[in-house]
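Could you build the full structure based on these sequences and the hints that come with them?
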Amino acid sequence: MAPSGNVADPPPTSTIDSFNSGDTAENDIRPFFVLHKASSGSSLHGKPTGNVKSKRRIESPNPKIAKRSEVESVEEGDSQFFSTTRLKVFDTVWSKIEKTIEDVLRYSNSKVFSGIHDWIRESFESIVSSGALRLSEAVRSYPVLTQASSKQLLTAMVLTRNLEMVDDLLTFEELELHLKSQGCHVAKLSSMDFSAKSGVGGCLRVLLRQFVMPTVDVVDVTILASWYRENQNHENPVVIIVDDTERCCGSVLSDLILILSEWAVKVPIFLVMGVSTAHDAPRKILSVNALQRLCASSFTLSSPAERMDAVLEAVFLRPCSGFTVSHKVALFMRSYFLCQDGTLTSFVRTLKIACLQHFSLEPLSIMLEHFCQDGINQLSDEGNGLLTEATMKHAFHLPSVTRNKITRSTFEMLPQFLSDLQRMPNPWSVVVLCIYEVGKFDKLRLLDIFCETLDPEARYLKYFSPSATVNFQSHDSGRSSVIRRVLHKLRDLSPSQLSTLLKSWENLTADFSEMNDKVMELHPFMRSVEAVGQRQGLPNSPKKHASRSHSKHEKELKAMTDKVAAVIEFMLREYMKPVESVPFQEIVCFKNVDMLQSALLGDPRGRIQSDLLESHNILHCVCCSKRGTNLLPSMHDTSILYTLAQEHADVINLHDWYQSFKTILIPRSSKAKPKSKSSSKSKKRKDMCEEPEAPTETLIQARFCRAVMELQIAGLIRMPSKRRPDFVQRVAFGS
Amino acid sequence: MPREESSKATRRSTRSSSSVTVENAEPNESHQPTVDDLTFGDESITVDAVLSNFPGRRSQILDLIRLVGPLDCPTLPLMIYGSASTGKTSVVLQVLRHLSRPFVYSSCRTCYSPRILFESILNQLFLHRKCSSNGYSSAKRCDKPSDFVNLLREALGNVIESLESGSETSRPDKSDGKPMGKMVYLIFDNVDLIRDWDKGSMILQFLFSLYDVLKMPQLGIILISGLPPDVYYSNMGYTDPLPLYFPEYSEEDLRQIFLRNQVNRKLYSAFLDVVLKPFCRVTRRVEELSTTFSSLFRKYCEPLDDLGISPNEDMKRRLYSHLKPLIAPCLNEIFRVSSHPHDGVTRGERRQKASYGSENREELETLDFHMSTSAKYLLIAAFLASRNPATLDASMFDSTGGMDNRKRKRKASEKSMEKKEMAEQEAVMKGPGSFPLERLLAIFQCIASVGDSSFGEEEEEEDEDPTGYDKENNNLMSDILLQVSSLCDAHFLIKSGSCPLEGSIRYRSMVSEDLALKAARSLSFPLAKYLYRR
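Those sequence lines, one after another, are chains A and B.
For the first sequence, this note's numbering begins at 1 and goes up steadily by one.
For the second sequence, this note's numbering begins at 1 and goes up steadily by one.
Any given hint could be a false lead.
[What the hints assert, rightly or not] Distance windows between CB atoms, simulated:
#1 A:E306 to B:I327: 30 to 40 angstroms
#2 B:E164 to A:N233: 36 to 46 angstroms
#3 A:N233 to B:C280: 34 to 44 angstroms
#4 B:C280 to A:R349: 51 to 61 angstroms
#5 B:K419 to A:D280: 34 to 44 angstroms
#6 A:E306 to B:R298: 32 to 42 angstroms
#7 A:N233 to B:V149: 34 to 44 angstroms
#8 A:A531 to B:S524: 41 to 51 angstroms
Read the hints as simulated data drawn from the structure, not as lab findings.
Backbone N, C-alpha and C fix where the C-beta goes; we use that ideal spot for every residue, glycine too.
If you want it as structure tokens, here you go:
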């Protein structure tokens, strides 16, 4: 091998391929683009990449990209200014949303947290009051001889009620902070610390590192006992949090529990175990001896669906950032939450992506900044300052504006529209919350109600048509429509439920006099219904005596529910203006569900396949872009092989495959040429890929092997089995 | 115990001034351990006190005292064995307390490796205490048994020297907590755990031969084990320790034990009449019984206003009928979880929940934790893959439906029926079958498409938008491998040993039929239709 080849051709920066080292054909093999730096962002940003080799092949700037950017930047100066401001506004908007979500989550956990703390305090007081140990007693190695029950380890089982742990990592971190702020000694262990490899010593080490000091030579629970007796440490309880019990190695956790329980009298330890499925999950992983040492009480965190509703209410229905999503996006997010992941973390991520995409797509989204700040007046002054001629033009070309036939002549009304958009709570959100209040009686989820009420065509209104009310009993399939179920449930409510409902409605509609009036009108009727109910006495009194008044009461109740239904119908008809039907809604509302989907569901396998088949889209080399359908020898080997593989069924004969690969690499015209030594030729071949000389047989074989290997690594084929040594199997089909 | 109190008072007044104070009333940072700390610490107690503390252990206690022997008399190693919670450790400690002999205790539970075991013994003999000032380090670093022997000899020499000097100055007073005699006893608790250690058999042999190796008559070794001595002996040329067996308590012993510290003995005795017999059939471990009994006794006393009364026959009967329904479930329970009143739910809500008892029962039928739809389908698919034979997959998930095939198979001769029964029993013994990932994914795709089509119809009815349905279908299919791993994490699936021929990982579903049915119900998926019943 000629040393000059190395000098002229620096090794690829992106790939270090040990497979190829020492091979004579080292310099001939092109860098491996497929797996690593497929696009290297060049198509996104229009910048040349840092890759030395690809740079040489790419004809930059790409005409396509340039064209697109031209279209985009009609106003060059403005767009620069706006893109930076948009990013800034995105930061403010998103930080506001994020903070809201954090607050909601913290609030939803606070009750359970204080419950756990109270439990710890109470138990600790009772332990302390039962008798303090002296120092010599507390650190000596043999057990304190008291009753047998003293070996019990007090345990709190925190049920997270979600299969996935992601949401609760933060929860347990906050629990740790909460307990620390209350003076407890807290250590947090995760399933990583309970590995069978490091055994019980490993988790004790992590424990001591958090309590005592970072470097302890030999870890031993006696250290914990000695530490606990120093510096007034014994005035506070010791809490150990294990956040994902199910994922721990059962034997190690059992060992730890047994050891700690032997020392439970000397060091009062409280174990907090996060359990994601059911109460009896510890029974599946712990040994019997360890189970008997646990004295468990259970605490239940709010379920993901409940948290989801709380987040939804705070972000979209209460005054927050002003950012909102369209019906389709909401449906997508809902199905993603229900079908795909089921964690709040992924929902928040979805929301963030949606928000970011909204800001990157919509120039006018900068106005959301003013929505974040509370003052309405600001908008009319400062907001207009931002509205340059260009943006105004854009604003009046928004589809929602043209649809509503708002023209430039109504320019003065723009602030009016915007402040309407901005107003929060708006009538729509109030009505949604009112419906949710009813839905709570039927355990409906706000998520479902939210999705249905966002529908711009307001299809739910058809349930009010007389025909629907008559026969909605018959085709009530339970899952179909939420609003229908709400209306159905409304008629089943008891008087006491109705009165609580009315009270909550009254509070919700306080800002909107028309709705509030309607709700207030119901009160006298409600009173009369209640009065009848009281006269009738206890609801479970014998029916014989009360049958007459009972029927009267029923009648009153029926009239009452009719009136309530009429009110909710009125609300739905008059005030349900989903955000998508409001002019200028594009400023605040994100609608592009396809972009969101492609951002979320990467589909990496399909991506690999399509990239392999159309490698020229990424490599942008001159020769391949005009190749049409026929394969060229200058193409990437892996790409050639994969394209050839498309002709085969689920098994590929290696020999055939190799032969066809060879015919592509050696064009017919060049076959007659005399063969020269590979090292000098190969270097040459690289420099001008239009006219390659035919490589030698060994070189082709090496390139073939390498390409097959790459396909295997990419998970597209499986190597030949012993049974059929001549065939490789295709694993992935279609893209 | 009043006896102890009085003796403590006398001891304080008669303590000899030459020795360092053994115990300070309050914990003191500068407290230095002395040789005196090697005894039980408290004042010694009489034989009668020991005997009365351990009902049903009279012969064992007397045997032990006899085996330990009189003052300064060399003893052979002892092995005390018996099943868990039969009072082995407590008896040994109390007997040594009674005899006021200095001893060193280390449990192989707490000391989970040889190094920690050795260092723990040496720390106690060197009178070394881990604290922040010495960085919680041990007195001597000791990894190997050979080092341990040398260091132990050195440490024992020191201790015995100081014991001799101490015994010369102090009077031989029985009631004092001071060490008596010139012997030191090493107590190894939970010796059976050593067998699971890395190189455990070597350490065990070392422990058994320690007495012969050291050749120090001043050393006594007591091994406490949950397993009988036969499992350890291997004729390696050392003296076998003298065995002492602690049998399980009899029912009468247990009654005595539980009656010991009760305030109202009559009431508790009535309670024991009810519960002791059924529970003794399940377990005789004091530890287990005491936790169960304490909660049951609380229930037992619930109808009573005054806990001091002695119950008559009528009341006993009444209390029994109150308790009776609670006993049976407790018998089968190993692990109890009590719901705490502070459980994030306010009082009012709790009451509401209680009033809707029937609704709660309904909730039991549904899953009480959240799973995404695709995870549920995957769970069901795994359950099916584990339960159904792989050969039936094609007919089960055929588009024409496998129902006809199955019915044809039902008609079979007597002989084949017998064969099937055998196969069924075999399957029960084998447990859930294992399956490769490909099969799981194939079944998943089949059942998810079935479930999805029904879901999709409704969507269309509402949306009139077929593209939305397509998207949802795609949604369900991606990121499946992620869900598989999270199911594995939750122990719903386990990765079992890979097939040696193929080299690929096989999975096994660990969910009960109950859970699978619950998951299927929440999706309204007809699981029973797909289950192959033999």
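These are the hints, each one checked on the structure:
no.: 1; hint: A:E306 to B:I327: 30 to 40 angstroms; in the structure: holds (37 angstroms)
no.: 2; hint: B:E164 to A:N233: 36 to 46 angstroms; in the structure: holds (38 angstroms)
no.: 3; hint: A:N233 to B:C280: 34 to 44 angstroms; in the structure: holds (42 angstroms)
no.: 4; hint: B:C280 to A:R349: 51 to 61 angstroms; in the structure: holds (58 angstroms)
no.: 5; hint: B:K419 to A:D280: 34 to 44 angstroms; in the structure: holds (37 angstroms)
no.: 6; hint: A:E306 to B:R298: 32 to 42 angstroms; in the structure: holds (33 angstroms)
no.: 7; hint: A:N233 to B:V149: 34 to 44 angstroms; in the structure: holds (37 angstroms)
no.: 8; hint: A:A531 to B:S524: 41 to 51 angstroms; in the structure: holds (44 angstroms)
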